[in-house]
Amino acid sequence: MITSPADLKPDTKWTDTKWAWTSEESLVDHKTSGRLCVATLLPFKDGQPDWTGFEPSIQWMIDCAAHFNVEIAFVLNADTGYIFNLSPELYREVITRFRAAFPEPKIICGTTAVGASGDEFNADWYRTHLDIAQSFDNVEVMIMTSQQLNSLDPERRRDGYFAIAEHIAVPAIVHALEPSFVPWATPYEPWLLHELAQHEKFVGGKVSTLDEPHFLYWSAMCRDLGLDFAPHSGDDFGIAQAIRLGNPLLIGAGVSACPLICAAKQMWIASQDGTFDTRVYKLFEAFQSLEDSVFRLDANGSAAAYKHSTAAVLKLLGLIETDEIHPDCTDSRGEGEVDRMREALIRPMRIAERLGIPNFEIV
275 MITSPADLKP DTKWTDTKWA WTSEESLVDH KTSGRLCVAT LLPFKDGQPD WTGFEPSIQW
335 MIDCAAHFNV EIAFVLNADT GYIFNLSPEL YREVITRFRA AFPEPKIICG TTAVGASGDE
395 FNADWYRTHL DIAQSFDNVE VMIMTSQQLN SLDPERRRDG YFAIAEHIAV PAIVHALEPS
455 FVPWATPYEP WLLHELAQHE KFVGGKVSTL DEPHFLYWSA MCRDLGLDFA PHSGDDFGIA
515 QAIRLGNPLL IGAGVSACPL ICAAKQMWIA SQDGTFDTRV YKLFEAFQSL EDSVFRLDAN
575 GSAAAYKHST AAVLKLLGLI ETDEIHPDCT DSRGEGEVDR MREALIRPMR IAERLGIPNF
635 EIV
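In the working numbering, the protein residues as written are 275 to 637.
By construction, these hints were calculated from the structure, which means they are not laboratory data. It is possible that part of the hints are untrue.
As a list, the in silico BS3-like pairs of lysine-lysine whose alpha-carbon atoms are at most 30 angstroms apart [unchecked claim]:
(1) 283 with 556
(2) 305 with 380
(3) 292 with 305
(4) 380 with 319
(5) 283 with 475
Construct the entire structure; sequences and hints are all you get.
Put into structure tokens, the structure is as follows:
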């Protein structure tokens with residue numbers, strides 16, 4: 275069993291390390307509340323961005339975070355913002371409109387390989403998004419994977435990230451995910467995570483896995499080794515885990531369940547005598563039941579259509595007018611999604627009413 279990073283090899287598996295066998299209970303933290311990074315939905319109406327719905331949905335999340343004294347950041351132009359369908363002009367417009375309406379909040383801009391083609395990886399593909407994002411203030415960037423980058427072996431994959439970092443002038447987050455979101459994606463090996471965590475420009479990483487506890491592996495390694503690197507959970511099937519560990523969340527579920535997650539983060543922090551509101555466990559169950567529906571897997575094992583479900587929830591909450599998705603995006607749930615989400619909201623709305631959680635009711 276590997277216990278030292280010096281013994282890691284590029285092909286070492288997590289199950290060969292002690293960090294894959296660390297219990298969640300040993301990492302529980304009732305004092306720290308990591309930030310909530312909401313992967314912001316770009317709504318659509320009549321095939322065009324719904325800017326009149328975009329701003330109210332952002333303000334709603336700001337109000338939720340302020341009510342519960344939760345640190346919030348907004349992830350723009352990531353998967354929930356249809357990054358793979360955005361032109362560079364629309365990519366810039368999203369940030370420009372956000373900043374014009376909301377000059378204060380931290381933004382995290384997704385970046386990916388614009389114009390990528392062929393089998394060889396080229397770090398310059400990321401420069402289009404990086405140059406746009408870094409022209410704004412109070413910004414971080416998230417290095418989303420691309421097929422050419424993901425196909426590299428661990429050592430060359432590390433070198434690819436380091437090459438991208440040469441063009442980065444702001445704090446950066448790396449992003450690993452599994453095939454439930456993108457069919458060709460693979461999570462990081464422990465050697466690769468350790469290498470990336472030591473790079474001065476990478477302040478943290480997001481891991482989006484629905485079937486394997488990679489977020490727990492990351493958390494155990496970073497805490498055990500004292501790495502200056504913040505694991506951000508992208509696991510929409512295990513939202514409460516990040517709250518229990520005091521680590522950040524960076525999730526699309528942060529939109530549809532924003533007031534519930536903010537409330538849970540506040541309730542999890544213990545008082546000075548060590549007690550806390552144990553009703554938080556029922557709240558955990560309630561918002562997870564909603565997100566299990568939002569992120570349900572299709573026949574191909576993909577959760578990518580969660581964007582449609584998220585739009586349906588926001589429509590029911592009266593924040594946007596339609597549950598349309600980007601016209602070029604194929605990740606649709608089909609007809610009847612609003613009715614399905616109405617049913618999925620019954621349980622969490624009952625809990626929200628009993629706990630006095632505001633800003634969460636069907637209109």
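Consistency of the hints with the structure:
1. Restraint check for residue 283 and residue 556: not satisfied, since their Cα atoms lie roughly 42 angstroms apart, outside the 30 angstroms limit.
2. A C-alpha spacing of about 23 angstroms is found between residue 305 and residue 380, which places the hinted pair at or below 30 angstroms, so the restraint holds.
3. With a C-alpha separation of about 25 angstroms, the suggested pair residue 292 and residue 305 falls inside the 30 angstroms cut-off, and the hint holds.
4. Taken as a hint, the residue 380 and residue 319 pair is honoured in the structure, with Cα atoms around 27 angstroms apart against an allowance of 30 angstroms.
5. A threshold of 30 angstroms between alpha carbons decides the hint, and for residue 283 with residue 475 the separation of about 23 angstroms falls inside it, so the pair holds.
Checked against the numbered hints above, the structure violates only hint 1.
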